[in-house]
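**Student:** Spelled out, the chains give:
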Amino acid sequence: MEPQKINLLDIQGVLKEPYDLFICSSSFENRCLSIPNNISTDKIRRALILSNMDLLEHIETNKIKLEDRFREKGRVVEADTSNPLLAADNLRISLDQAIKDGVADSILLDVTSFTHESLLILLRLLELCCPKSKIMGIYANASEYSVGDEVSYKWLSRGIGEVRSVLGFPGNIVPSQKTHLILIVGYEHERAAGIIESIEPNSIALGYGRFGSATTEKDKDANEHYMHLVEDMATSFSDVNRFEIPCNDPYGTRDELLNQIRIAMDMNIIIAPMNNKLSTIGAAWAAFKDENVQMCYAQALRYNYSNYSNPGLQCYIFDF
Amino acid sequence: MTKQTYNNPFQITSPEDLTAEETVSLFVDVFTDFRKIIDPGNVFLIGPRGAGKSMMFRYLQPDCQCLARKCTLAELPFLGVYVPLKNTNFALSELRRLEHRHASDILNEHILVTHFCVKIFETLSKPELYPVDGRNIVVVREFYNKTFLPTLFKTSPDDSNYQLEDTLSAADIFAKMLHISEKLYSQAFSYTKKLAFLQDLIPYEGPLCDYIDFLIPILSALSHLPGFPRGSIYLLIDDAHWLTETQARVLNSWVATRTSRKVSLKISTQYNYKTYYTSTGATIDTPHDYSEIDIATIYTGSNKSKYRERIADIVKKRLEMYGIENITAEQFFPEDTEQENAIREIDEEYKKKHDKGEGKGHYRGDDALRYSRPDFIKSLAGPRKSSSKYSYAGFNQLVHLSSGIVRHFIHPAHLMYAEAKAQSPEALIKFIPTSIQNAMVREEANSFLFSDLEKVEKAGHVDAPPKEDIKKLSNLIHGLGGLFRQILLSEKSERKVFSIAFSDTPSENVEHILDLGIQLGYFHRSTIGRKDSKSGGRTRLYVLNRRLAPIWTLDPTGFAAYLFLTNALIEEAMEQPVSLLRRIVTKGIPENTEIVQLELF
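Protein chains in written order, with this note's numbering: chain A, 461 to 780; chain B, 896 to 1496.
Simulated from the structure, these hints should not be mistaken for laboratory data. Be aware that a few hints might be false.
[To be verified] For the chain A half of the interface with chain B, some residues (derived, Cβ under 10 Å), not all of them:
#: 1; residue: 581
#: 2; residue: 589
#: 3; residue: 593
#: 4; residue: 625
#: 5; residue: 630
#: 6; residue: 658
#: 7; residue: 660
#: 8; residue: 711
#: 9; residue: 715
#: 10; residue: 718
#: 11; residue: 722
#: 12; residue: 724
#: 13; residue: 725
#: 14; residue: 726
[What the hints assert, rightly or not] Chain A residues, not near chain B, derived (Cβ > 12 Å throughout):
#: 15; residue: 533
#: 16; residue: 557
#: 17; residue: 565
#: 18; residue: 584
#: 19; residue: 638
#: 20; residue: 650
[Said to hold, decoys possible] Think about it this way: if two alpha-carbon atoms lie no more than 20 Å apart in a straight line, the pair counts; the simulated DMTMM-like pairs of lysine to aspartate or glutamate are:
#: 21; chain 1: B; residue 1: 1021; chain 2: A; residue 2: 556
#: 22; chain 1: B; residue 1: 1387; chain 2: B; residue 2: 1403
#: 23; chain 1: B; residue 1: 1089; chain 2: A; residue 2: 726
#: 24; chain 1: A; residue 1: 638; chain 2: B; residue 2: 917
Heads up, the beta-carbon is just placed ideally off N, CA and C, and yes, glycines get one too.
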């Protein structure tokens, strides 16, 4: 079942039921406001706003807007992009408190502007702490990334810092087995290349968005451009496969990744999700199905704070 | 799904994926340059990515050694066991939960020891390695029952899972030890995984293995088994920069135990090894605890000529393996004939001058070597302003440009071959056209300086070098490159300069930026005699990476000189390179600098 794609303005008509808990992330992207500004806050009992305090100078404006939007219902959950333990501990405390207060039976999760890492940590925590909650996911699209830049100059982040496993997705890495890296490629070719260079896997599977499945309204050409850049980088590896994922469909992405995992059985499998958040959710679901898979994340050194994206007009709604 | 296959003699393949036959065919013996690696003793082998560290370790493994030496396992002088640390488990986020807690060192040591055991028994469980012999099975069985299990469990476990079936071969028994080690390893990680979302530690109840009481007795007993080499066991520990600081401290503690008569730790790392402190807070020191080999320094120092031979051998072997036979490296990467003929003409003029007694050099060819190529480059920089027409083609120049790092030769060669093949898809490529060679090395130089440094310059993370440091480094590189260019175009008696040393004392700030340059690969570090000392003593020499030469159309070949300059000048280059260079162009090379001949090659 593919997610339902609707106009942002139609959200209230589609999400008619109230939700105990709304979870979102403040960001330097104005897109982080797309869903909060279009849902009815009357139907929300509590809102958790994850905020990376190390990026405060870039996110503060939108953080304040989100706090204003949810007023007394809002709770800021402090995180730090370089310290996954902080996000995990604070999210856990907030979820436990929500459960204790009886406001976690139904959850609306706006995945739009989390970092891939914090989203994955949150998904694992939801699985652990709220196994019985009814969870609905929602994702606001972008009309354009790296706004206004020519195709070959588009960029979302530059440089990579530490390459690390994602907390809660350690997998089962067996020293005597070879390593197979499944990289879901997006715009961030530098980060992708950095992960390949850092891990130096024995084999690589590069996953690209299937034609026509992009959630972004423009930029098909940019996707192709970055696909080629990653491929060029990977030429020094002799065993490179390509596969396609539907990036507008986490269920389809999960199934395609499970296929890829089956192909590479008997190897240590590491997945690095680097496309949109819908595909990252698909990757998390695949890792839930196969706990041997390790998820990995390359911390960006700098984001395109001022021109990362323009908010789109649509959103995707899907059931967990 | 599409499968890409690559057909390129300069394909970069992980040495781990090479068979013993392929490794022995491709390996060029470099151990005369790195003697300490094959002699007993602990060694840190330091070098950037692509310097050939893993290939050396692959060659030292017993399957390759038996093949290369045409001998049996027992006849080998040492047993090399490859222990790669390039394993994402070492950077497992869950391990951060243990940081700054008492248990951290102990559990990390256990994880390292069990990882090592897995790799040791994985090596030994290869059926073709250990000779099939009834006596061997008996002693391996005895080793398992009387050494391995008691050392691990302190008492022999009753569990039937640990009993050996009568039909097992020696390789099977080693495989059983591999599986037990793997189980211990994964047991430790199962515990670690439980810590993911817990702020308070839970007790660990599994066994704990350490280096002195577990790994050393196991390895010591192994080396006494019949059929095994009588010499030391070499643990070939690859990519130690992957370790966390805690794990590096644990490994350093092993180095400090000085057990190298039985077990030598050969540790390869890039420059970002986390620490040289041990778990107890002491440091490990050379030469007492270990020897240090910096590959980049060796191949950019007095062993440059050997490096050229090594690369020529590598090219020849790769071409032969690819079916391109009887072609030398010089033939495959031809020089630009027209350019080289023009330079030879200038050579002849210098030799004639020398014959007339007008030369500066001692020998007839000295001036030709020193000045011909710079003169030619200078002629291109004249009114025609066509410096960019200088061609960097030719095996010799490509070797110099690779600046002592094998991969910096192989990678551009890979791109050159791919481009040549793209231009002539059906042809058997027997040489790389000069235009392709020149274009690729220029592109690589630009990418190295501009794209690579830009990536770091855009940093905004707490662990990344401060942006202002990167700016200073970038300024310094541009300042020095421009200065070297002006020297090349000058009438100085030494015009090929790639290195600097200080005539006074460098400030902390300058040393810090130069260290950053070394870490990022833009400089190599060496030493030379002090300028101001009549009684000996040495000072640091900083060598600009020759990969950058095309950016300023510098001459990467031949004998280079070094430039003694002041700390103030370097400070100025770091802050205001443009005004410094403008002053040098208008007023000439600063008087308080001195160019000294460094080497001839």
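**Student:** Compare the structure with each hint and give your call.
**Tutor:** Okay, the hints, checked on the actual structure:
Because the closest C-beta pair between residue 581(A) and chain B is about 9 Å apart, less than 10 Å, the hint holds. At a threshold of 10 Å, the smallest CB-CB gap from residue 589(A) to chain B is about 9 Å, leaving the interface hint in force. Checking residue 593(A) against chain B by beta carbon gives a least distance of about 17 Å; that is not within 10 Å, so the hint is violated. A cut of 10 Å between beta carbons decides the hint on residue 625(A): the least distance to chain B is about 5 Å, and the hint holds.
Among the interface hints, the one on residue 630(A) holds; its C-beta lies about 5 Å from the nearest C-beta in chain B, closer than the 10 Å criterion. The interface hint given for residue 658(A) is met, as the beta carbon of that residue sits about 9 Å from the closest beta carbon of chain B, less than 10 Å. At its closest, the beta carbon of residue 660(A) sits 6 Å from a beta carbon of chain B; the interface hint therefore holds under the 10 Å criterion. Given the 10 Å rule on beta carbons, the hint for residue 711(A) is violated: about 20 Å separates it from the nearest Cβ of chain B.
The restraint placing residue 715(A) at the interface with chain B is violated, with a minimum CB-CB distance near 15 Å, outside the 10 Å limit. With its C-beta approaching chain B no nearer than about 15 Å, residue 718(A) sits outside the 10 Å limit, and its interface hint is violated. The beta carbon of residue 722(A) comes no nearer than 13 Å to any beta carbon in chain B, farther than 10 Å, and the hint placing it at the interface is violated. Interface hint at residue 724(A): violated, since its Cβ lies 12 Å from the closest Cβ of chain B, which is beyond the 10 Å cut-off.
Interface hint at residue 725(A): violated, since its Cβ lies 16 Å from the closest Cβ of chain B, which is beyond the 10 Å cut-off. For residue 726(A), the suggested interface contact is broken, since its CB lies about 14 Å from the closest CB of chain B, more than 10 Å. Against the 12 Å criterion, residue 533(A) stays outside the reach of chain B, whose nearest CB is about 25 Å from its own CB. Even its closest Cβ contact with chain B, about 15 Å, leaves residue 557(A) beyond 12 Å, as expected for a residue assigned away from the interface.
The non-interface label for residue 565(A) is consistent with chain B: the shortest C-beta to C-beta separation is roughly 21 Å, beyond 12 Å. A beta-carbon of chain B comes within 12 Å of the beta-carbon of residue 584(A); the shortest separation is about 8 Å. The beta carbon of residue 638(A) is not kept farther than 12 Å from every beta carbon of chain B, the shortest such distance being approximately 8 Å. A cut-off of 12 Å between C-beta atoms contradicts the statement that residue 650(A) is not in contact with chain B; the least separation is 6 Å.
A distance of roughly 51 Å separates the Cα atoms of residue 1021(B) and residue 556(A); the hinted pair therefore is violated under the 20 Å criterion. For the hint pairing residue 1387(B) with residue 1403(B), the CA-to-CA distance comes to about 31 Å; that exceeds 20 Å, so the pair is violated. Simply put, residue 1089(B) and residue 726(A) have alpha-carbon atoms about 24 Å apart, too far for the 20 Å limit, and the pair is violated. The hinted pair formed by residue 638(A) and residue 917(B) meets the criterion: a straight-line CA distance of about 19 Å does not exceed 20 Å.
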